[in-house]
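Undergrad: So the sequence lines, in the order shown, correspond to chains X and P. For this note's numbering, count along the first sequence from 1 and bump the result up by 826. For this note's numbering, count along the second sequence from 1 and bump the result up by 826.
Warning: the hint list may mix true and false statements.
Identical copies carry no separate label here, and so any pair may be met within one copy or between two of them.
As the list claims (entries may be wrong) - Straight line, CA to CA, 25 Å or less: simulated DMTMM-like cross-link-like pairs of lysine to aspartate or glutamate: (1) K869 with E853; (2) K869 with E1066; (3) K951 with E872; (4) K928 with E1115; (5) K1047 with E1072; (6) K980 with D895; (7) K980 with D1020; (8) K928 with D1102; (9) K951 with E1134; (10) K928 with E885.
Hints are computed from structural coordinates only; laboratory data are not their basis.
Number of protein chains: 2
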Amino acid sequence: MTEIISDIGEFGLIDRIHTLIREEGIETPGVTIGIGDDAAAIKHREGYELLVTCDCLVEGRHYLSDLLDPQALGRRAMTVNISDIGAMGGLPLYALVSLGLKADTPIADVESMYRGFLMELNPFKASIIGGNVTKTESVNFIDITLVGEAEQGKLMLRSSAEVGDAILVTGYPGQAVAGLQLLQRSDRPQDHKDHPLVQAYNTPKHRAREGHAVALSGHAKAMIDTSDGLLADLGHICEESGVGAELIKEQLPLSEALRQEAGQREFDPYDVVMSDSDDYELIFTCSPENVPDIRSVIASVSDVLISEIGRITQAAEKIQLILPDGNKRLVTPSGWDHFKT
Amino acid sequence: MTEIISDIGEFGLIDRIHTLIREEGIETPGVTIGIGDDAAAIKHREGYELLVTCDCLVEGRHYLSDLLDPQALGRRAMTVNISDIGAMGGLPLYALVSLGLKADTPIADVESMYRGFLMELNPFKASIIGGNVTKTESVNFIDITLVGEAEQGKLMLRSSAEVGDAILVTGYPGQAVAGLQLLQRSDRPQDHKDHPLVQAYNTPKHRAREGHAVALSGHAKAMIDTSDGLLADLGHICEESGVGAELIKEQLPLSEALRQEAGQREFDPYDVVMSDSDDYELIFTCSPENVPDIRSVIASVSDVLISEIGRITQAAEKIQLILPDGNKRLVTPSGWDHFKT
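For reference, chain X alone in the conformation it holds in the complex (with noise of 0.2 Å):
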């Protein structure tokens, strides 16, 4: 019989947690105290910033469990939180993990989830140091704070784009979205397991080594993540920086993939890359003579496609999309506003 939550209780699902997390996890350095009292203490290095965020997934809202396996849900759930370290420009330490769940949740999907978060932090060297589980009546949730340090006086921030800046992006914006819809519409799910555009969605990655050796080089002005999609990300910075912005139509990255779906359905794909994603890509901006050497920082950690797709331009401009021939369409941004029905 499968060993259920109920069975061994809440203190004997956080024993069996530790022992997980002491077993497959990694000992970072300045960790005072790990996880078992009633605060984690931490001693901080010179030089550095800390930076802290949380963010939560709730299930049917943020993922179907149906659709999603427990490892991949924890990947995906520690994902959200380090993309939001690597857009300030930092990288990941320490996590504290709050979970909400239903008494008949397997044990082993509880692990499995675990070892999603550590497939995320182990290479970083960051830890799990904090947290606490919860019953739930009726939907599991998972809620982590992520602390994680920048270089002092490095930190990228949404607010200082510049009219004129070129904008660029990394990735294949809109693919997640576009796999979910896949999922959706199938009447066998797990027959498109290892469709690009359905791995997109199931195992989305984060670009916070792009991110880090982007805010080091000193070549970038303004960075955000497209957790809440491309054009209402850009958005947030064109909002806060107090600037407008137009892209190019032709040149917003799309991938083979979403192309051929995008034919086989007839839709216009460019919709879906500026559209709300479960995507963690960077958008950032910069001084367009800084475009080469910003494309030679990144390519030094990793081999993400960049698309330079606009200029930064004043408030007044709004968003524009130049469509290809040459006319210009204001695209207001949505984003994922959750309330709104």
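With the hints as your guide, set chain P onto chain X.
TA: Chain P in isolation, oriented as in the chain X frame:
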């Protein structure tokens, strides 16, 4: 008509929260980047260790929304976390608030909840530096991560109690659970709002100032808060320190309100004092000769009652209760085990 979250959407709600925090919160020194970017950034003081803790309240599990108004709920959620920082010997600095909210939640309730957070943070010049809001279908939850600091080398752990230590406790553990039971029994819970036991449940006190003062004095050995209940948390100290304990029943602190309630309803009030509860008092141990010093250290910051309730013994003794007739009773810690039924 009552304005609810779905009227203004996620971004509208976030704007309202930011405005409230800006107008009614306090700026904590050390915050380089506050709310509004991908992550918050903080610079840390030399000579201090950072403490990090997180704790989650789930509607229906940790609170009943018809028995607790939103501001009291906000105070409770923050108090729970401040208590954890205090139990390590630290003081709170920065909070991240992650909310799961139903779309029909009134905006005014969310704002009241934030006022509750700030009522607890402002006296410490601590501030909210980040967080997120997520839509949930069925229940609201509040997950708070709190960052604090403690003087280097002055952390108070669970694991450093020694045989022969005196065991002390602040305040009156057990009052909160007695207050909750009183509310649950009543047909008209609102009529009991001012009852001292109900107040103990609705707005529990943390003892962070007391914990910090005790830590600085260097006189105490082990410390923990009573978030799982007096016996369960003493059990954590015993387990982590490899010791046992004996408690003297007549020395357990009993408030007049609990004594009266027990008299009317004919139960043994000491069972309630030792039981699972929602109080956030401190248990700590010290050499018997340091008890007077600790009493005067605490008296310099607070007039809370300090009771000496027993002694640390050899591990083999487990936890024994010494009855008025001199007999001993083995008392097994139970604590909040949310998943076992």
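Undergrad: Evaluate each hint against the coordinates.
TA: Each hint, compared with the structure:
1. K869 with E853: Classified as both; 14 Å inside a copy, 23 Å across copies.
2. K869 with E1066: between (33 Å within a copy, 22 Å between copies)
3. K951 with E872: Answer is both; intra-copy 19 Å and inter-copy 24 Å each pass.
4. K928 with E1115: neither (54 Å within a copy, 48 Å between copies)
5. K1047 with E1072: within (17 Å within a copy, 63 Å between copies)
6. K980 with D895: neither (37 Å within a copy, 43 Å between copies)
7. K980 with D1020: neither (39 Å within a copy, 53 Å between copies)
8. K928 with D1102: between (29 Å within a copy, 21 Å between copies)
9. K951 with E1134: neither (32 Å within a copy, 44 Å between copies)
10. K928 with E885: both (11 Å within a copy, 14 Å between copies)
When held up to the earlier numbered hints, the structure conflicts with 4, 6, 7, 9 and fits the remainder.
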